[in-house]
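Trainee: With the hints as a guide, dock the two chains, each given alone in a separate frame, to form the complex.
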Amino acid sequence: MTKEGIICSVTGTGIPVRGNDIDTDRIIPARYLREITFENLGPHAFEDDRKQLDGRHPFDDQRFSGGRVLVVNRNFGSGSSREHAPQALMRHGISAIVGESFAEIFLGNCTVIGIPCLTLPSELVESLQSLVEEAPETELSIDVSTGAISTGQATYQAEIPESIQQAFTTGAWDALATLLEADHEINDMHDGLPYFSGWKNH
Amino acid sequence: MDRDSGIERCGGSGRIIGRLGVFKMGRTLLDKVWEAHAVRELPNGQTQLFIGLHLVHEVTSPQAFQMLRERGLNVRYPDRTFATVDHIIPTDGAERPFADGMAEQMFVAIEDNLAGTGIPFFTRSGGRQGIVHVIGPELGLTQPGMTIACGDSHTSTHGAFGSIAFGIGTSQVRDVLATQTMAVGKPRCRRITVDGKLAAGVYAKDVILAIIGKLGVQGGAGYAYEYAGEVFDGMTMDERMTVCNMSIEGGARVGYVNPDATTYAYIAGREYAPAGNDLVKAGAWWGAMASDENAVYDDETALEGDLIPPMVTWGINPGQVVGVDSRIPSPADVHGPERQSIQEALDHMQLRAGGSITGIPIDVAFVGSCTNSRISDLREAARIVEGRRVPKKIKALAVPGSQRVKAEAEAEGLHEIFRSAGFEWREAGCSMCLAMNPDKLVSDQVCASSSNRNFKGRQGSPFGRTLLMSPAMVAAAAVAGEVVDVRSMIPVSG
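Note that the protein sequences, when read in sequence, are chains A and B. When we follow the working numbering, the leftmost residue of the first sequence carries the number 1, and every step to the right adds one. When we follow the working numbering, the leftmost residue of the second sequence carries the number 203, and every step to the right adds one.
Quick caveat, the hints were computed from the structure, so don't treat them as lab data. We treat Cβ as the ideally placed atom computed from N, Cα and C, and that holds for glycine. Wrong hints could be hidden among the right ones.
[Said to hold, decoys possible] Using C-beta positions, here's what the derived DEER-type ranges look like:
no., chain 1, residue 1, chain 2, residue 2, range
1, B, Arg-242, A, Glu-137, 44 to 50 Å
2, B, Pro-593, A, Glu-137, 56 to 62 Å
3, A, Ala-148, B, Glu-243, 26 to 32 Å
4, A, Ala-148, B, Asp-435, 46 to 52 Å
5, A, Asp-191, B, Ala-486, 17 to 23 Å
6, B, Ser-622, A, Arg-63, 57 to 63 Å
7, B, Gly-557, A, Gly-19, 19 to 25 Å
8, A, Arg-63, B, Glu-540, 26 to 32 Å
The following block holds chain B by itself, in its conformation from the complex (with noise of 0.2 Å):
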C-alpha cells in the first residue's frame, strides 16, 4: 500500500480513499483471475498459482517426465492435462518410423511418458493433432478466466479467450505436471488500445507487428498485454489468437483480450466446452472475470488502428519491422547499441540501409505456424493466389495448424487453389518456423513467412534469411517473387 497516496494495488482490494469517501477500485482480468488461482504466497515474494489446464508436447516434455521418475512423483491431475506432438512431426505424410532417428525418438519418449498416465494425447490417427496452440482452443479447452500453461512461449495464444496463459521451460512444466502449480511473480498490465478500423489488406499480424515496433522486444518484460479498443472488439477469436500468440515477441510473457460474446460463440459447442446449463453457469463466471471499466492498469498505450499499414519485418527480431511502404532503417538514424543491432541486421540479412521493403526477392514462402495457420489465415491466402501462380523457381509451402483446419480447408477446396497456384499442401505441423523437422531453409535463402521469429538460423539455416508478415502478404510475395503490397492485389469487391 503506497500511503501517501492512499492507493493499495495488490490483488483484489484495491480501493481508492478520497474526500468522498471510499469506493471499489475496477480490477483488471489479470487481477481476478490470479486472486481465483493464488494457492498461497511464497516466501520469496512469488505466488504459488494453480492451472488450471496444462498443454504439453514432445519437445520440452521428455525431461520434465524423467524428473518425476527420479523424484518418484506422480502426475497430479492427468485430466487437466493434454498432450500432442507437432514440433518435429514430417508435413510431408511420412509414416513412422520417422526417417530421422531422433524425431523417433522423440514420439516413441512422448508415448512412454503418457502411458498409463491417463493424460489424452491427440495424435494424427485420433484425428485431433495440431500445434498445441491451435487444438486448444479447436477443442474448446481454452476457456476465459482460467489459468493455462505450456512448454512453449508462444503459450500466450490462449490470452485471446481471456485467459492467463504463460509459456514456461521444463523444470516449470515438471513442476505443473506435479503440483498443477507453479511458482510465478504476478506481471504489471499493461493496456494497449486499438481504436478505428483497420484498411483492407490489414490484418491481426499487421496490428501487432506494430506494436511490437513501437513498444520493442523488451517493452514487454514484465508485463502483462490487454488488448483493448474497437480493432481487437471486431476481431474473430482466429484474429485474436494471432495478436496474443505474438506478445511475448514484444517481450510480454503474457497478452489477452477480455472475453465478450465473439468468444462464448466460439466456445460454443466444442469437444471440451460446457453444454446446456454450464455452458450458461460458464459464460457468467467468465463474463464476471472480465477487466472492469474503471480498472487500473500500471501502463497504458495507444495505437490507431486506421493508420496500420501491411508490416514487414526487415531484421533479426521481430521489432525490426516497418510499414512495406516504408524504407529499411538507416544505422546512421540512430545512436548507441541501437546502431549496432541494426548494421548487424543489415549484414545478416544482406539489405541496404534506406532501401525499399517491396522488390526484396524471395525464395520460400510459408503460410502456417501457430502465429497463421487457422482457416482465416488460410482463406486469405487463397483469396490472393486464386488465379495466380507462384514462379517455379520458389518454394511455397501451405501448412494447415491442425488436422480439423486441414479437413475443413479441403472441405472449402482451399488445398485446390493452393496447388493450382504452385503451392504444396502439407499435413498439420510447427513445420518451417523453426526447423525441428524436415521443412528448413537452405543457404541464405530469403522466406516470406506468416511466423513469428525472424531470428538468425530459426529456419534451419544459420544464414536464412526470413520477412515476418502476414498470410496475405506471404502469398502476395509468393506469386509475385518479392515482396509487394498486398492492397494492390486484393480484388476490389472485397
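In isolation and in its complexed conformation, chain A is listed as follows (with noise of 0.2 Å):
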C-alpha cells in the first residue's frame, strides 16, 4: 500500500440490514439533503426507517456499534441519485457493504467515494446476515483483490466487477485525476462536435 487511495481490503465487524428494494429515500430522507455539505448526514442515515422501528433497527443495535461491513439484500440504494446517501453511510462508519444486488446510480457513487460494494447470491448473503447477528463480534475481512470475504471460520467468495476492483486496487476510484489527463483528447472532442461547432462542418 504505498499509492494514495490504494484500497484493496476491508476489515471490520458487520452490520445487517435487512429487505430487498431499500431505497435512497430511506438511507438518507430528502429532508437532510437541504445541506451545502455532506458533513452532517451520519447520524440521519436510516433516521425513518429507525423511528419506525421504535430502537429496533441494526443502526441503533448496540451488538452492531462500530460495524464498518454493511450486509444487505437485493437492489440496495434504488431511487434517487443523492450521493448523500453514501455520504451518510461512510460517515456512519460504514467502509464496505456486501450485498445481493445494488442500484446502479448508487453503486457508481460508493466507488467514487471509496466504499467497495460486493454480491453475493441471497442464500449466502441470508447465511452471512445470520452469522452477523448471531455472533455480532465477529471480523469480516474482505479482500477487495480476490473479493474474498473471511469470517475466521469460513470464507465467502464474492464478487465485484472488475473496473471497481481495479479502481480500488490502483488507487483510482476517485477518477478526477485521471479524466483531467486527458485535456488535449477533450478540447478535441468539444471542437468537432457539431452541435458545439455551431454545424459548421456538417
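Mentor: Now the structure itself:
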C-alpha cells in the first residue's frame, strides 16, 4: 500500500440491514439534503426507518455498534442519484457493503467515494446476515482484490466488477485525476462535435 | 469479439461475417452517441465520455463546487452548463428570504457558486425557472444525439429526444464541471416494443408503469432502455418525456426514444435550438443518430398497447403496481423474499391483500413533478375536474413544471378550472414529489400522485402513503375522494 487511495482490504464487524429494494430516500430522507455539505449526514442515516422501528433498527442496536461492513439484500440503493446516501453511510462508519445486488447509480456513487460494494448470491447473503446477527463480534475481512470475505471460520467468495476492483486496487476510484489527464482529447472532442461548433463542418 | 459466432458487439464496427460475405451490422442510437462522445477508453475498461449538456440544480451541486475550489479547478465549459432552482423552492409564491433558513442557504450557495462562472442561471425573476427536466427541453437545450448529465436520477427524461442522458452523483457533477467528461461504463441495450393503440383514459404514465410492473424495479440495471413501436411513435414529446423519466424507476439509468419528425417539430423555434440552415444540418445529423433498422440489441421485450389499463401503485416501490381494475396482490401468491416485500408494502400502505384498488380513500391529490407537470398533463387533469368539485376534506394541488408551463396554462384558463374545482394553483417547482420544500404529507395521509416514487417517506412523512398514477387518474381521485377508474369519467365525445 504505497500509493495514496489504494484500498485492497476492509476489515471490521458487520451490520445486517435486511430487506429488498431499500431506496435512497430510506437511507437518507430528502429533508436532510437541505445542506450545502455532506458533513452532518451520518447521524441521519436510515432515520425514518429507525423511528418506525423504535430502537430496533440495526443502526440503533448496540450489538452492531462500530460495524464497518453493511450486509444488505437485493437492489440496495434504488431510486435517487443522491450521493448523500453513501456519504451518510460512510459518515456513520461504513467502509464496505456486501449485498445480493445494488442499484446502478448508488453503486457508482459508492465507488467514487471509496466504498467497495461486493455481491453474493441471496442464500449466502442470508447466511452472512445470520452469522453477524448470531455473532456480532465476528470480524469480517474483505479482500477487495479477490472478493474473498473471511469470517475466521469460513470464507465467502463475493464478486466485484473488474473495473471497480481495479479502481480500488490501483487507487484510481476517484476518477477526476484520470479524467484531467485527457486535456487535449477533451479539447478535440469539444471542437469536433457539431452541436458545439455551430454545425459549421456538417 | 466472440470468435465462435463471429459477432463483434463493440461500438462502431460491428459486422457479421457469414458465408455470403461481409455486411455491416446495424447500430443503435446508444452505440452511435457513445462513439461520437467517447474521449478515450480508461484503464479500468470504462469510457471517458464527453457530456454535451450539463444541467445543475441547488441540491446536488454545492459540494461539487466546493470540491472544485479545494482542488483549484474552474468550470471547463460554462457555456455547456445551465442551472436552475427547483427542489427547495416554495410553490406558494413565497418571496426570498425563504422561511426555511436551510432552503435560503442553499439558494444563496448556488448563487455564490455560479457568480462569475458564466453559467446561465434560470430563476423566477427571469421567467424561465422550473423543474430542470421540464425547462431543458422547453428551452431547446435538450437535443437528439447529445450526451446529457445532471445530478438527478430523473435526467433520463431527456432521452425522449434521442439523447443519452444520465443521472449522476455529486462527485460526478464535480467531474463534469471540471472536465466536461465522466467515467462511465457503456450500458447494454434493451428494446422495449409497445405496438397497438392505447385506449381512451390510458396515458404515457400507464405505459411506463406497466413496463416497470412487468420488468421490475431492478430489471433495467446495466441496461439502457430503447422505447420503440407504434405507441411511442404516436406519442407527443411530453408523453415520451413521461416514459423516459421513469426509466430509472425500472432500474435503467438511461432510456430513450429515437428522434423523428415529432422531435424536430418540438425543437424548432425554441430559444437554444439551431435555426435556419443550421436546423437543416442539425436535422440531418439527428436523423443519422437514430437506431438502424437492423440494429442489434442485447435484449428485447414487448407489451401490447391495447391491453394496458390505467395503472395504480399499491406498494412502496413503482414496480408494485396493478391495473385499476385488478386486485391488490397477496403474499400468499408468491414464494421467497417476494412474499416479505409484499407484506412489508401492505403493512406500510395499510392495505388488504386481495382488496380492490378502486375505492381507496385519499387525503391529498398532487398533479405535478418532472414526470407529469407539462402542459398536456395539466390539460388532461383539467378536462377531468372541469365542472366537478373536490371534497372539502381533500387537499388538491396543481403544480406546473415551469414558469412557462404556468403561463401557457393560464392563457388557456386551466388555472380557473382547477381553482373552481377546489385545487390550489401553485408556482413552478418539484413541490410534493419529494418533500424538500413546504409541500408535504403529514402523518399517514394517502396521496394520489402523478409523481414518480412511492417510497416510504418520499412525500415528507415517514408514514405517508403514495399511490402513483396518471394526472387524469389523480384528477379523478381528487373529485371522487377515492381511487376511481378515470375511464368512467371521460367525456364520450373525447
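Trainee: So, for every hint listed, does it hold in this structure?
Mentor: Going down the list of hints, with the structure as the test:
1. The hinted window of 44 to 50 Å between B:Arg-242 and A:Glu-137 holds, with their beta carbons roughly 47 Å apart.
2. Distance hint check for B:Pro-593 and A:Glu-137: the Cβ-Cβ separation is about 57 Å, which falls inside the suggested range of 56 to 62 Å.
3. Between A:Ala-148 and B:Glu-243 the beta carbons are some 29 Å apart, a value that agrees with the proposed interval 26 to 32 Å.
4. Evaluation of the 46 to 52 Å hint for A:Ala-148 and B:Asp-435 yields a pass: the beta carbon distance comes to about 51 Å.
5. Roughly 20 Å separates the CB atoms of A:Asp-191 and B:Ala-486, a value that falls within the hinted 17 to 23 Å.
6. At roughly 59 Å, the beta carbons of B:Ser-622 and A:Arg-63 sit within the given window of 57 to 63 Å.
7. Distance hint check: the CB atoms of B:Gly-557 and A:Gly-19 are about 23 Å apart, consistent with the given range 19 to 25 Å.
8. Checking the proposed 26 to 32 Å range against A:Arg-63 and B:Glu-540 shows it holds: the Cβ atoms sit about 29 Å from each other.
Violation of the numbered hints given earlier is absent; every hint is satisfied by the structure.
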